[in-house]
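Please build the complete structure, drawing on both the sequences and the hints.
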Amino acid sequence: MKVRQISVFIENRAGRLETVARLLGEAGINIRALSLADTSDFGILRLIVNKPEEAQAMLRQQGFTIKLTDVVAVEVPDVPGGLARVLGLLGAKGLNVEYMYAFVEKSTDKAVLVFRFDNAAEAVATLQRGGVRILREEDVLKA
Amino acid sequence: MREMRIWNPACECLGRDDLRALQLERLQRQVRIAWERLPYYAAKMRAAGVTPDDIRSLADASKLPFTEKDDLRQNYPYKTFAVPLREVVRLHASTGTTGKPTVVGYTRGDMDVWSEVVARFLVAGGLTEDDIVQIAFGYGLFTGGFGLHYGVERVGATVIPASSGNTERQLMLMKDLGTTGLVCTPTYAVYLGEEMAKLGLSPRDFKLRLGFFGGEFWTDHIRRKIESLLGISATDNYGLSEIVGPGVSGECQLKQGMHVAEDHFLFEIVDRKTLKPVADGEQGEAVITTLTKEAIPVIRYRTRDITRLMPEPCGCGRTLRRMEKVLGRTDDMLIIRGVNVFPSQVEAVLLQMQEAQPHYQLVATRDGALDNLEVKVEVSENAFSDEMKQITKFRETLQHKLNGALGVHARLTLVEPGGLERFVGKAQRVVDQRTF
Chain A
0 MKVRQISVFI ENRAGRLETV ARLLGEAGIN IRALSLADTS DFGILRLIVN
50 KPEEAQAMLR QQGFTIKLTD VVAVEVPDVP GGLARVLGLL GAKGLNVEYM
100 YAFVEKSTDK AVLVFRFDNA AEAVATLQRG GVRILREEDV LKA
Chain B
0 MREMRIWNPA CECLGRDDLR ALQLERLQRQ VRIAWERLPY YAAKMRAAGV
50 TPDDIRSLAD ASKLPFTEKD DLRQNYPYKT FAVPLREVVR LHASTGTTGK
100 PTVVGYTRGD MDVWSEVVAR FLVAGGLTED DIVQIAFGYG LFTGGFGLHY
150 GVERVGATVI PASSGNTERQ LMLMKDLGTT GLVCTPTYAV YLGEEMAKLG
200 LSPRDFKLRL GFFGGEFWTD HIRRKIESLL GISATDNYGL SEIVGPGVSG
250 ECQLKQGMHV AEDHFLFEIV DRKTLKPVAD GEQGEAVITT LTKEAIPVIR
300 YRTRDITRLM PEPCGCGRTL RRMEKVLGRT DDMLIIRGVN VFPSQVEAVL
350 LQMQEAQPHY QLVATRDGAL DNLEVKVEVS ENAFSDEMKQ ITKFRETLQH
400 KLNGALGVHA RLTLVEPGGL ERFVGKAQRV VDQRTF
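So the sequences go chain by chain: A and B.
If you read the first sequence in numbering that gives the first Met the number 0, its first letter stands for residue 0, the second for the next number, and so on.
If you read the second sequence in numbering that gives the first Met the number 0, its first letter stands for residue 0, the second for the next number, and so on.
The hints are simulated quantities; they were obtained by calculation from the structure and are not laboratory data.
One or more hints might be untrue.
Unchecked claim - Across the chosen pairs, the derived CB separations fall in these ranges:
#1 B:T396 with A:R12: 20 to 26 Å
#2 A:R59 with B:Y75: 40 to 46 Å
#3 A:K50 with B:L326: 55 to 61 Å
#4 B:T396 with A:G27: 39 to 45 Å
#5 A:E121 with B:M387: 19 to 25 Å
#6 B:Q398 with A:R84: 39 to 45 Å
#7 A:Q127 with B:Q427: 54 to 60 Å
#8 A:D77 with B:H399: 26 to 32 Å
#9 A:D40 with B:L369: 18 to 24 Å
#10 A:A91 with B:H399: 35 to 41 Å
#11 A:S39 with B:E380: 19 to 25 Å
Note that beta-carbon positions come from the ideal geometry of N, C-alpha and C, so glycine has one too.
Next up, the structure:
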């Protein structure tokens with residue numbers, strides 16, 4: 000139930016983010032979701048792309064520092080309270096969220112929450128018991 | 000202008016022939032001590048096929064092997080000492096090229112010589128017993144603070160051991176205690192002058208008249224700035240811990256070169272590439288041999304400082320020759336706020352931290368009066384964690400280790416791999432954007 004996420008180390012100077020986006024575009028790789036965490040010096044760009052292996056190889060070849068991380072993708076109805084319910088289930092079990100971000104599905108009325116958990120297995124089990132749909136990688140990548 | 004006094008005319012105005020005879024006698028003695036009591040140097044002499052008996056003239060000094068900073072590093076801490084520790088009354092240290100500092104020591108005799116040579120340039124610069132000298136150099140393992148302190152005391156002036164930092168307090172002491180002489184790095188002097196102005200004060204509010212500055216490169220342009228900002232006469236002095244500390248040479252009031260204490264230090268200038276002695280008056284690397292050191296005799300030490308000796312006599316009456324201001328080095332060493340910084344120190348820290356690649360660059364800039372150092376390090380895949388707190392922790396650890404290793408605060412910037420230029424030959428680890 001894990002989804003592969005690519006993290007890219009980005010220096011905080013003009014054009015770096017654009018370069019990554021352009022390279023992915025030229026390689027015909029589609030970005031499904033992204034998040035950018037920043038400090039004053041550098042940022043970590045987290046991407047879910049439809050071709051993770053290709054993207055990783057290409058960006059590495061272009062000289063970027065890449066890490067592949069497993070994240071959990073959760074589907075919720077795109078309505079108010081959708082996020083709160085999921086976080087409530089996790090909080091009740093004292094499960095920690097390292098970071099998260101989200102995107103909306105265009106073809107359905109669903110939103111996708113992307114989580115990085117300390118303990119993914121326990122988090123997935125907890126959410127499933129609560130009736131929350133955990134997405135498989137192919138559901139998210141829609142390659 | 001006050002009368003130009005000479006501290007020790009018997010030595011400072013010695014006839015050149017008498018000086019040369021004295022130097023030869025002392026050189027032979029120093030080489031013999033090294034041969035008998037410094038295994039590391041005796042081994043070098045044997046490898047070069049030289050014995051103490053081969054030194055029959057000053058020109059024969061060039062037969063002797065050089066001493067490199069690496070020799071001192073490899074023999075850390077005490078294998079460079081020619082006397083038992085019991086006879087050593089003082090230890091100091093200066094920046095080493097890697098993790099360990101370079102340790103230097105002084106017997107009572109050495110301390111006496113040290114005070115003497117510093118007293119010489121202080122008086123040459125105009126110091127008298129009536130002066131009150133504020134030493135805004137760091138006291139501690141560096142030789143700068145203590146060296147000037149003992150020299151000022153020897154002259155009989157009043158010394159205020161203010162040490163470095165806390166500018167507001169420095170200015171308060173200067174004003175309240177009636178400081179007449181200032182000792183610090185040239186850039187700090189500029190900084191003090193500017194802070195003074197910001198506080199709405201001018202030199203007229205102080206009794207400053209003299210400044211003795213060293214520890215970094217500085218030009219006549221900066222001298223004029225200091226003299227005008229502080230209302231003083233500023234003189235240059237030169238030294239290095241490996242030889243004695245401050246006191247190797249210093250300017251007289253004519254400010255046209257620094258008189259070398261040639262009776263205590265044999266000064267040679269060698270060609271930067273061939274390392275052979277250059278013609279009289281030509282520029283090259285300064286190579287210094289101690290002539291009277293007891294604790295750590297050093298023979299033909301390669302300073303990496305670029306200068307030249309001025310053969311012409313000085314109008315002040317001293318016969319000890321002058322060397323030109325040092326404005327460059329033959330190696331990668333940087334001087335940041337008076338502290339020596341070697342790129343290899345950064346490398347040593349990075350190699351300790353497996354997450355860092357040893358692709359780094361030191362960038363020196365000057366913001367107003369003070370130096371800034373930035374260390375750029377390429378982040379490797381090992382260092383790169385997807386989690387911000389891991390990278391931040393790595394960055395903080397690296398910053399902490401660098402500060403400890405370098406002795407100055409350097410701003411750490413993590414860059415992408417390949418973010419720093421690659422070089423075919425020797426990597427250019429240092430970018431110095433300052434103008435002196």
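**Request:** Mind checking the hinted window 18 to 24 Å against the Cβ distance between D40 (chain A) and L369 (chain B)?
**Result:** holds (22 Å)
**Request:** Return holds or violated for the Cβ distance of K50 (chain A) and L326 (chain B) against the range 55 to 61 Å.
**Result:** holds (57 Å)
**Asked** How does the Cβ-Cβ distance of Q398 (chain B) and R84 (chain A) compare with 39 to 45 Å: does it lie in that range?
**Response** holds (42 Å)
**Asked** Between A91 (chain A) and H399 (chain B), does the beta-carbon spacing fit 35 to 41 Å?
**Response** For A91 (chain A) and H399 (chain B) the Cβ distance comes to about 39 Å; the hint holds.
**Distance restraint hint 40 to 46 Å, applied to the beta-carbon atoms of R59 (chain A) and Y75 (chain B)** = With a Cβ separation near 42 Å, R59 (chain A) and Y75 (chain B) satisfy 40 to 46 Å, so the hint holds.
**Request:** Take the C-beta atom of E121 (chain A) and the C-beta atom of M387 (chain B), compute their distance, and say whether it sits inside 19 to 25 Å.
**Result:** holds (23 Å)
**Request:** Kindly confirm whether 54 to 60 Å is satisfied by the beta carbon distance between Q127 (chain A) and Q427 (chain B).
**Result:** With Cβ atoms ~57 Å apart, the hint holds.
**Request:** For the range 26 to 32 Å, tell me whether the beta carbons of D77 (chain A) and H399 (chain B) fit it or not.
**Result:** The hinted range 26 to 32 Å is violated for D77 (chain A) and H399 (chain B), with Cβ atoms some 46 Å apart.
**Asked** Is the distance from the Cβ of T396 (chain B) to the Cβ of R12 (chain A) consistent with 20 to 26 Å?
**Response** holds (24 Å)
**Request:** For T396 (chain B) and G27 (chain A), compare the CB-CB distance with the range 39 to 45 Å and indicate the outcome.
**Result:** With Cβ atoms ~40 Å apart, the hint holds.
**Message:** Looking only at beta-carbon atoms, does the pair S39 (chain A), E380 (chain B) fall within the given range of 19 to 25 Å?
**Reply:** holds (23 Å)
Checked against the numbered hints above, the structure breaks only hint 8 and satisfies the rest.
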